[in-house]
Every structure is written in structure tokens, then in C-alpha cells.
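Take these sequences, add in the hints, and give me the full structure.
Protein sequences appear in the order of chains L and E. Taking our numbering, the leading residue of the first sequence gets 1, the next gets one more, and so forth. Taking our numbering, the leading residue of the second sequence gets 1001, the next gets one more, and so forth.
Quick caveat, the hints were computed from the structure, so don't treat them as lab data. Careful, some of the hints might be misleading.
[Claimed, not checked] A few chain L residues that face chain E, going by a derived Cβ cut-off under 10 Å, partial list only:
1. ALA45
2. ALA49
3. VAL126
4. ASP127
5. LEU186
6. GLU190
7. ALA191
8. ALA192
9. GLY196
10. HIS201
11. PRO209
12. ASN210
13. LEU212
14. VAL281
15. ARG287
16. ASP288
Positions of the beta carbon are idealized from the N, C-alpha and C atoms, including for glycine.
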Amino acid sequence: MSDAALSLPPADSLFRRNLRDFRRNRLAMASLVVVLVFVVMAVAAPLIAPQDPNETDLFRRLQPPGWMAGGDWAFPFGCDALGRDILSRIIYGARISIFIGLAVIVLATGVGIAAGLAAGYFRGWVDVVISRIVDILLGFPYLIFAIGLMAMMGPGLLNIVLALAYKEWVIPCRVVRGETLAVRELEYVEAARALGAGPRHIMGREILPNILSPVIVVSTIRMAHVIILEASLSFLGLGVQPPTASWGSMVSDGRAFILEAWWVSTFPGLAILLLVLAINVASQGLRDAFDPRFSE
Amino acid sequence: MTVLLEVSSLRTEFATRAGLVRAVDGVSLRVSRGECLGVVGESGSGKSVTFASVMGLVRPPGKVTGGTIFFDGRDLRDIAPEEMRAIRGRDIAMTMQDALTALNPALTVGEQLGEVLVAHDETLPAGRAARRAAIRDKSVEMLGLVGIPAPETRLRQYPHEFSGGMRQRIMIAIALACRPQLLIADEPTTALDVTIQAQVLELITDIRARLGMAVVLITHDLGVVAEHCDRVMVMYAGQVVEEGPTDQVIGAPRHPYTRGLLASIPRPSLRGQPIRPIMGQVPDLVGLPAQCRFHSRCPLALPSCLVEVPMMAAGPGRRARCLRLEEVAA
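Below, the structure is given as C-alpha cells:
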């Protein structure tokens, strides 16, 4: 038998092996399915939503959910103070939550990776400047910082993303910097330098692929935080402006009637809970699969 | 033979909390084209730092503070960082001590080989498809050259799918991809078991003959040097203590340290006799006085040895740093 005929295992990167570990984790997979359901809901909102989320009808004011006396199954989760269908608003609200969560994380992770790599690789004054900015930003309470920025910039979808990303990048940045400091000392980075690699190549090809796992894990966990923060801003009236449906503002709308019409606040609140919980459990599973300290 | 690399009075210092450490103190050496130079010495003798200095890879707190490094007629201490980067990998290549960790675990072997070619090989064709095919062909050729079976399949695999000896071969293949004029092999066999060691060294010697490149073999194994190197240079505490043709240095050492090294090798012919190690410790490199550094461990030491000892001629093509070099061989 020639050597070529030896059955070689298929090319199998560390990443793929980790992914396989993740698939075996049932709870994490179930959570991932929940997250995906929310994503599909957000993407296909106009097709799924039974009603127009912004159509008001004062005859339906605070109409209870379908299964209660006085309810109507056309409005399964009931209606709010303006008679709008709560289920449809939750479905449309998923768009806001997921879009802002994703946009903030993508923006923050991009900036954080660039800043963290530069700080960890170049050291010296680059590191000092970036690390001090990070320390200063970490000193601000997150929500208050975001509220201040929103007050300055005014409401709006783009402004929420900016207000949250403004501080969020600090977290991936610290992770990337720490990992870079460890990886830059490794033999294969030295070997790359000995072969004439420049800083760009070393940061992008030698270091980045090897530190991506913790960054992905942290980013997914942080996405849940960002969704809560967006809900908090909307709850305070600083987020997306009415009549656009956002879970935070829906919870806020129901505050006044929480005793006589509990459904107005409860269902959007549950939506936040469910999505955040699912993201957290899924990212926990990701961490277990991707962090070498947790693998067998 | 023409001189390829000529280093004179090289000094590399590390500023540590305990004081200034002269890891390399006045090292001069010469490597001719196609020649194999063995560099021997114990850990901390400055072998690796000397060649890291040649490559411009000494990092803070270390710094090259004196001397000249002429490679192919150019002083490497004088040229721009970009030029130095172009020389690394293309004209001078280096393999790392630990083959198990010297390959990037996140990229396939093919990607890593290809990247060196992309960075340095100017003969690659211009078109994208042609370029990729050329890189593939060269990569397959290089893996074949270092004796990896089924190179086409192997290119798509990751380092963890290879054994230690294969990884060392792959590292050599990557180092040789651009046909450098000088290969610095820094302890190419330390991480490997004995049979694989022999294979890897055979491979280096074989490729050297075929490509006509010069090799610097850094090791602490005199046996390896005896088998593979034309000339040998012995280092101790940051200085060269002896150099010359391998057979002469090993046959009749002219420095007590070299003699001590040879005496501490187990030999079948001396069965039953105890191995004689060199007594004492390597001196602390912080604040060394200007005197013979081997003095405290030397069986031939005299009070008159407490002076700065220069390299002295010890026969044709041989030099040693000992005042009593005539007596060492006796």
C-alpha cells in the first residue's frame, strides 16, 4: 500500500473540533434554536405578524389575551393602551433588539480587535494610550454613560448603536490585548518574524486566528448585555422613538396599567428574558466548547 | 570559498534588573558559502542570542550594542528594517528550537508554506490562478524534498495532525522554501527522539549539499557537530573560546572548556570509567570582570590567567582563547 493510499483523517481544524463539541451540548443547541427563532421572527416580521403593529383602535384598548374573558384570538397576547396588537409589536420589536445587539457587537468587536491587537503587539506608548482610554471608559457606569450620550446626540437607531458601541469596544479590546500579549511570545510568532513577516502579517495571520475563540465567546455573551441595555434605554424613553415597537418601551408603556392589564408589560418582558437567557446559555455552551480550559 | 557571513566584535546586551548582561561579548565569526559551521556551548552561552542578533531578532530589553554583521557584502546592522525583513526568510532562514510549537496551529501547513513564497518569491507568475498553481507546486515540491509522504493531501492538514519529527521537517521545508543562502538551525533536534534526530540532521546535510547553501548548526551535542559540520565554534559565557576545523578541534582541543566538554561525553571505548563532568557553574554574566571567564572552573588555571585573554592563533585556521593553549592538548 502506498503512503498516499493511507486513509488520512479529513482536514480538521481546532475550530471544527470545537464546533463538534458544541453540537453535542443539547442545552446549548436548544438555546441556539430559540435564538434562531427570534432571528427568523425579526427577519420575517411582516410575514409572520398577524396584525399591523402600529394600527391603533381605541375600541380594543387594553383588550386581554385570547384565552381570557373578553379576549379575541386575533390578538392572542391582548392589546395595549392604544389598542395595538401586543404579539405583532413583540415580533417587530425583535427587529430592533436583534439589529441593535448585532450592530453594536460587530462594531465594538471590530474596533476592539484592532485596538487590542495594536496595544498587545506594539506595546510601548501605543499600549499606554489605548489601555488608559480603556481604563477611563471602564470607570464610567455603562448605563449612565449611554444615557448621557443619548441625551447629547438625541434619539434614533444609529445613535443608540453609537452610544452603546462607544463603550462596548473596551471589552473585546481587553480580551484581545491580553491574549495577544500571551501569543506574541510564542515560538511560531518568532518563527514568522524569522521568515521575514511584517507586523501586519503577524497580527492578522499569526495572532488573530489563534485568539479568535475567546473573542467570539465574549462577544456573544456581551450581545445579551447589549440587548438589555437597549431595552433599558428604550424603557427610559431614550431609545427608539414611538410608534416604532421596542421591547423596552413596551414594558414601559404597560407600567401604568400593570394591575388591571398585566399583559401589556409582561409579554415584552418575557420576550427580553427569553432571548437574553437563550443567548447566555448558548454562549456558555460556546465557551465550554471553545475555551481549552473547559475541554476534556 | 567566498565569505558569506562575517561577524566581528559583536556585542549584545540585556538590561536586566540585576544589571547589564553581556549575552554576546565580542563574538567574531565567519561562514563561507556552502559551508556548515557548528556552534556548541551550554545553555546561556550566547549561541542563540548571537544568531538572533545576526537576524535582527533581538528584542527589548536586549540590544545589539557593538560590532558589524556583514552578510553578502552588506552590513545588516546598517540597513532599513524593511530590507532586513526582506532578507529574513529569503536569504537567511532560521528554524526554531521547538518544532512542536513553531508552527501556527490555526493555519494549514500549505497556507504557512505558501505565505513565505508569497512574501519572498519574485519568480511567481502574475495571474491569480497561475500564481496559486505555482505556489501549490512549489509547496508540494518542498514537502517532498523533506520527505513528507503524500504531500498533496498533507498540505491541507493542520500542524496538530503531524508528529514531532514531521513538524520539524515541515519547519525546515518552510525555511528552505525560498532557497536561502544561509540556514540557521537552532537546536533542530532538541525536541525530537534519537532516531528522528538522526533523520532530521541527515536531511539538513543532504539538502545543504543539493542546494549549496551554508548552514549554521546550533547545538550542545558535540557528536552532531562531529558528524555534520566542517568547522566548529565553541562558546562559553558569551564569548567564543575556540574555533577551527571540526576534526582538529575534537581531536586535539586547545581550550580547557572544549576538552572538558569532550571528556563529559559518554563513550563506548571508556566503558566502566566514570564520566568526568566539568566542575562548577557558568559564571553570572552580570558585571563580569575582564579576565578569563573559565578561570573558576579550569583545571589549568594559574594566577596569571586573571587577565583579559584574546583569541590567539592555535595552528592553521584555528584560534583559542587560552593563555596555556599549547599545554591543553598535552
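Results of checking the hints against the structure:
Because the beta carbon of ALA45/L sits about 38 Å from the nearest beta carbon in chain E, more than 10 Å, this interface hint is broken. For the restraint placing ALA49/L at the interface with chain E, the shortest Cβ-Cβ distance is roughly 43 Å, beyond the 10 Å limit, so the hint is violated. A cut of 10 Å between beta carbons decides the hint on VAL126/L: the least distance to chain E is about 14 Å, and the hint is violated. Taken as an interface hint, ASP127/L does not check out: its beta carbon lies about 13 Å from the nearest beta carbon of chain E, beyond 10 Å.
Hint status for LEU186/L relative to chain E: holds, with the closest Cβ pair at about 6 Å, below 10 Å. The restraint placing GLU190/L at the interface with chain E holds, with a minimum CB-CB distance near 6 Å, inside the 10 Å limit. Because the closest C-beta pair between ALA191/L and chain E is about 4 Å apart, less than 10 Å, the hint holds. A hinted interface residue such as ALA192/L counts as satisfied when its beta carbon comes closer than 10 Å to some beta carbon of chain E; here the least separation is about 7 Å, so the hint holds.
About 3 Å separates the beta-carbon of GLY196/L from the nearest beta-carbon of chain E, less than 10 Å, and the hint is met. The interface hint given for HIS201/L holds, since its Cβ lies 7 Å from the closest Cβ of chain E, which is under the 10 Å cut-off. At about 4 Å, the closest approach between the beta carbon of PRO209/L and any beta carbon in chain E falls short of 10 Å, and the interface hint on this residue holds. Restraint check, ASN210/L versus chain E: the minimum CB separation of about 5 Å is within 10 Å; hint holds.
Interface restraint check for LEU212/L: the shortest CB-CB distance to chain E comes to about 8 Å, inside 10 Å, so the restraint holds. The closest approach between the C-beta of VAL281/L and any C-beta of chain E is roughly 27 Å, which is over the 10 Å cut-off, so the hint fails. Violation of the interface hint for ARG287/L is found here, the shortest Cβ-Cβ separation to chain E being roughly 18 Å, above the 10 Å cut-off. Hint status for ASP288/L: violated, given a least beta-carbon distance of 20 Å to chain E, over 10 Å.
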